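Colleague: Residue numbers (my numbering), protein chains in the order written: chain A, 1 to 439; chain B, 1001 to 1439; chain C, 2001 to 2439.
Just so you know, the hints here were simulated from the structure itself, not pulled from any lab data.
A few of these clues could be false.
Below are the BS3-like pairs computed for lysine-lysine, each with C-alpha atoms no more than 30 Å apart in a straight line [as the list claims (entries may be wrong)]:
id: 1; chain 1: A; residue 1: K249; chain 2: C; residue 2: K2250
id: 2; chain 1: A; residue 1: K200; chain 2: A; residue 2: K177
id: 3; chain 1: A; residue 1: K256; chain 2: C; residue 2: K2160
id: 4; chain 1: C; residue 1: K2160; chain 2: C; residue 2: K2119
Since the model is a prediction, treat every value here as computed from it, not as a measurement.
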Amino acid sequence: MKAVLLCGGRGKRMFPITEDKFLLHFLGKTLLEHQIQMACEAGLSHFVVIGNPENTAKIKQITRRIPGIEVEFALQKKALGIAAALQSAEPFLRGQLLVINPNDVFSSSAYTKIIAAAKKTSASSSILGYQVQEYFPGGYLRVNPRNELLHIVEKPAPGKEPSDLVNILIHYHNDPKELLHHIETVRTTKDDVYECALDKMVRAGHKIKVIPYKGFWGPIKYPWHILKVMEYFLDNAQPYVAPSARISKKASVEGKVVLDDNVRVLENAVIRGPAYIGANSIIGNNALVRDYSHIGSNSVIGYSTEVKHSYIGNNCWFHSNYVGDSIVDDDCSFGAGAVLANFRLDEENIQVEVSNSLVDTGYDKLGAIVGRGCRIGVNASLMPGVRVGPDSFVGPQVWLRDDLAANKMILLEPRYQVTHNETRLDEGKRRELLNKFRG
Amino acid sequence: MKAVLLCGGRGKRMFPITEDKFLLHFLGKTLLEHQIQMACEAGLSHFVVIGNPENTAKIKQITRRIPGIEVEFALQKKALGIAAALQSAEPFLRGQLLVINPNDVFSSSAYTKIIAAAKKTSASSSILGYQVQEYFPGGYLRVNPRNELLHIVEKPAPGKEPSDLVNILIHYHNDPKELLHHIETVRTTKDDVYECALDKMVRAGHKIKVIPYKGFWGPIKYPWHILKVMEYFLDNAQPYVAPSARISKKASVEGKVVLDDNVRVLENAVIRGPAYIGANSIIGNNALVRDYSHIGSNSVIGYSTEVKHSYIGNNCWFHSNYVGDSIVDDDCSFGAGAVLANFRLDEENIQVEVSNSLVDTGYDKLGAIVGRGCRIGVNASLMPGVRVGPDSFVGPQVWLRDDLAANKMILLEPRYQVTHNETRLDEGKRRELLNKFRG
Amino acid sequence: MKAVLLCGGRGKRMFPITEDKFLLHFLGKTLLEHQIQMACEAGLSHFVVIGNPENTAKIKQITRRIPGIEVEFALQKKALGIAAALQSAEPFLRGQLLVINPNDVFSSSAYTKIIAAAKKTSASSSILGYQVQEYFPGGYLRVNPRNELLHIVEKPAPGKEPSDLVNILIHYHNDPKELLHHIETVRTTKDDVYECALDKMVRAGHKIKVIPYKGFWGPIKYPWHILKVMEYFLDNAQPYVAPSARISKKASVEGKVVLDDNVRVLENAVIRGPAYIGANSIIGNNALVRDYSHIGSNSVIGYSTEVKHSYIGNNCWFHSNYVGDSIVDDDCSFGAGAVLANFRLDEENIQVEVSNSLVDTGYDKLGAIVGRGCRIGVNASLMPGVRVGPDSFVGPQVWLRDDLAANKMILLEPRYQVTHNETRLDEGKRRELLNKFRG
């Protein structure tokens, strides 16, 4: 059985995170590596990766590092959905297939369940149905009592769901040719060609078995979804301190914490897990990392910085900052006193504008989302939910209320009054204060 | 003997503190409870409380919790001074009375002294005379050589004081009917009816004994007087750590410190007494509480916050703040980097505008005074002596130089320059810095 | 042999540092005292100090404290170079002379080398030639194969240097009369009379021996050169903790650190040497002093302050500041949250305007340079390389991009929007947050 990884799509709602979702790092590895590892553990070793012109080189570099797998590469030139992706890879789609969206995060049981089910059933296909507890705006699966697919209903209105099963993309296909054939017959202008093809297969008499799944499912649709995925990985990590990591005796490392190679934790620093600190990173004097935080590699959480429930990329530098419920991509630096605020004065949920409409993030505590290569000046204040585009600079003392596009520099234009200063300070008073201070 | 507590007045100069002064909390109890406790220790158990329509329910709730006392309630509908208060309570004023202003703070010796004196003397009344060391703008007591009152002189000019005895309101009256009778005969448009009645009693041949008193007297006329009263309570507290309090082994608790129930002191926090930390409050990582500070209940002195010589109410949240010589009422939150400055650049005394005139606070170190329910944004700067009215919000990065009324929101209107950013950062330099940092 | 110390000049490029360079303190002593001490160790005990009207009293006060030396004072009324200085001191210039510029810092080997060489040679004069590794804009020494001076070439273009030997002012003269005679014959409008006189002596047949020197040479031409000199002194100091110094058991003192009399290091402070802390100074709770930092006497590095590679004068106060690669003269105070930034957003070298032209400091990490008697308000941000003139005040929240002259006060003129605040906070939410925080 081959696993087909759909790596050709582009996230449209992920600004300012420009990296493909499956290339985000968790616990020191890309999400792609985690997917491949889970697939391997479920018994697979042959992969077809469908990439796009921008990411294929990176993907090859990553997959080359993984021992014991065989990978074929296909190129999807335009980002036109699952069906187009599969058509791009047509020459490689022989035998049984497991089609996977590597941008969503599942527990390994998703893989083992569908493979086990596929082996037992005579159905043409088996697809995973996520059992939702509350409304989710996705494709719902109408099934018969034997859990066989009848129809996929795209985004029904709340209350109109045909079942509690949402279609998530870990799909087993016994006969790819049949699937591709049905894809070719679909006539639609929307991007649900693949789902229409499944419907057509059902109508043509093929059985598509729905495998209910209740484990973790972490779709990354908006950038703040990274936090949930981060929590999942931290919850499932094993506490670990690399032999090369060095922790000051005056530091505190509590709870479930992973310290990767060469990490240094300096005096009076506190890491209160769950937390992950990537290779070569430094947790500086008096720094506090707490409540599900994930720090990439080669980063410095410098002196007197608090990182709370945040995802920090590689090569990032902080000192004397507050970073709450924030997402910071690689290669960013923050001047002393810069604050990533996470809570509105009115304590309301944080909303973010996406494609000209406001999206409620569902969080009342959410900080900034900062793209890669940004620099934030000293004493700047980033408001909850603000997004800073990649390679942009935010000047010192700026109160950033609105999103900043990529490749921008925003500077304050303050007005000052400069006058003659008559005051001379009282040396006696100063000496007295010092003595009082000394006690 | 009944103690009559005058709880009906309203502080006119206490903005932005809206709570009645006797309802302020010290060491976990209202000032009212402290007053009643001292009266009980001096042998009293019957109380007449004269409240107003706004506070009577609260007072009842408080007095109900106190075992072994009997309380009668009278209602003063308008805030028209001591005489009107006593007239409101006329039906309850039977037998010997001890009339007390519960808004001023005295040591328990004030109670025991006047009660002991009242038992020994045949005078109609006994009143406490505070022996001042320097001029105080109050009512001075002219007395004869036997310390019997001749006349009360209201606010004499400095140098014109008839004695060193200032009238403070712990007054014993042997015959309330006689007092009420004289009150009725006073004709004045000012609010000194009660004092005029005492003068009349003297002229009518009644003896009013003046009991000199040198112990603590803490009148709360302006909000910054709360600091002096706080110091008094902290000086007189016994060091205590509640059994349910938890102190990290890496924290330091030094000097006279009271930690109430369930207090938590986290790693590397330092509490340098005298200090009081109220029930359920948290002193966070690296926080420093020092030099006479008083934290209410359910408050969080979060990460990297310094509180110096300040009175903090209940349910307040700080993180990464400097709070110097400040007063913060209940239910306030402070964003990271917000500073309550306590020292003018020119090191002059802090002055505050009250009723259109500047009042010298007498302090060269005084911070902000923040009413209840306020929120202060990240990196905001509150200037020394600034008062923030209740339920007001101060935006991020605001430099608050002037008082803010109640129910206001103040936001900065900054101007920005946004340009294209050409700079790309040098990865090699960053790597080099990290290596240098690692040493 | 007499040592002649040229103390009459005035640094023109040292703004905002107004103190004479040789009066700057290092390791608790003025540079002048260090110079005299090195001269004494090399065997000298007679000094001629040529001062100016402003500094002579101070110099006398300092030299009086030094036991075992004999000092004669001459007064240079105008600052017209070395030759004029020597002429001012003519009556004292008898016997052999060692002419020293006390504003440059040399290692003691410079003294011992030239004195040893002077004793051995029959030359009229011996002068030190600093062996440069790269181009330095100074006077180069053209020599013959026996290292005898042929000619001094003032500031040759790079690549046009006649040797790798730069003239530095530790010059031995066997016959001062001869030198003074040649000085008198020079006719020039420039300030190189002394160098011309040496050239003349050579042309007249006198031998001037050049002694090559490779040890430390720290000229202080611009204020940021103080950092290099500071590093030199710290590198050459012996680790030392005064018996009267008190270090909290919870503090960390690592590396080569000198703690002078009565220094106090409070809980959780970290000093990572090389570092010097002057007498009576306090390193407060959680403070971090690191990477070659030099703190004067009677200063307070207060709560949560980071001082990195900085020179701090006497009587300075910090709390909750970041001070990176900065120079702060005596008697300065910094409000909480003020930041002395040390790194441009674009990571370029820091340039400073001197006499209407930009000078590249050679540093990509350089903070502010603050003259004596300044006060910096809370949450102010001083940009890299900014210079604040003495006795100037920088208001709270000011973003200081440009230099500020002496005796100025700069205040922000912000614009605010004040509106009615409708929001009332949710007590339940707050309680829930507290419980979550308590874990």
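Colleague: Each hint needs a verdict: does it hold in this structure or not?
Modeller: How the hints compare with the structure:
{"no.": "1", "hint": "A:K249 / C:K2250", "verdict": "11 Å, holds"}
{"no.": "2", "hint": "A:K200 / A:K177", "verdict": "14 Å, holds"}
{"no.": "3", "hint": "A:K256 / C:K2160", "verdict": "65 Å, violated"}
{"no.": "4", "hint": "C:K2160 / C:K2119", "verdict": "33 Å, violated"}
When held up to the earlier numbered hints, the structure conflicts with 3 and 4 and fits the remainder.
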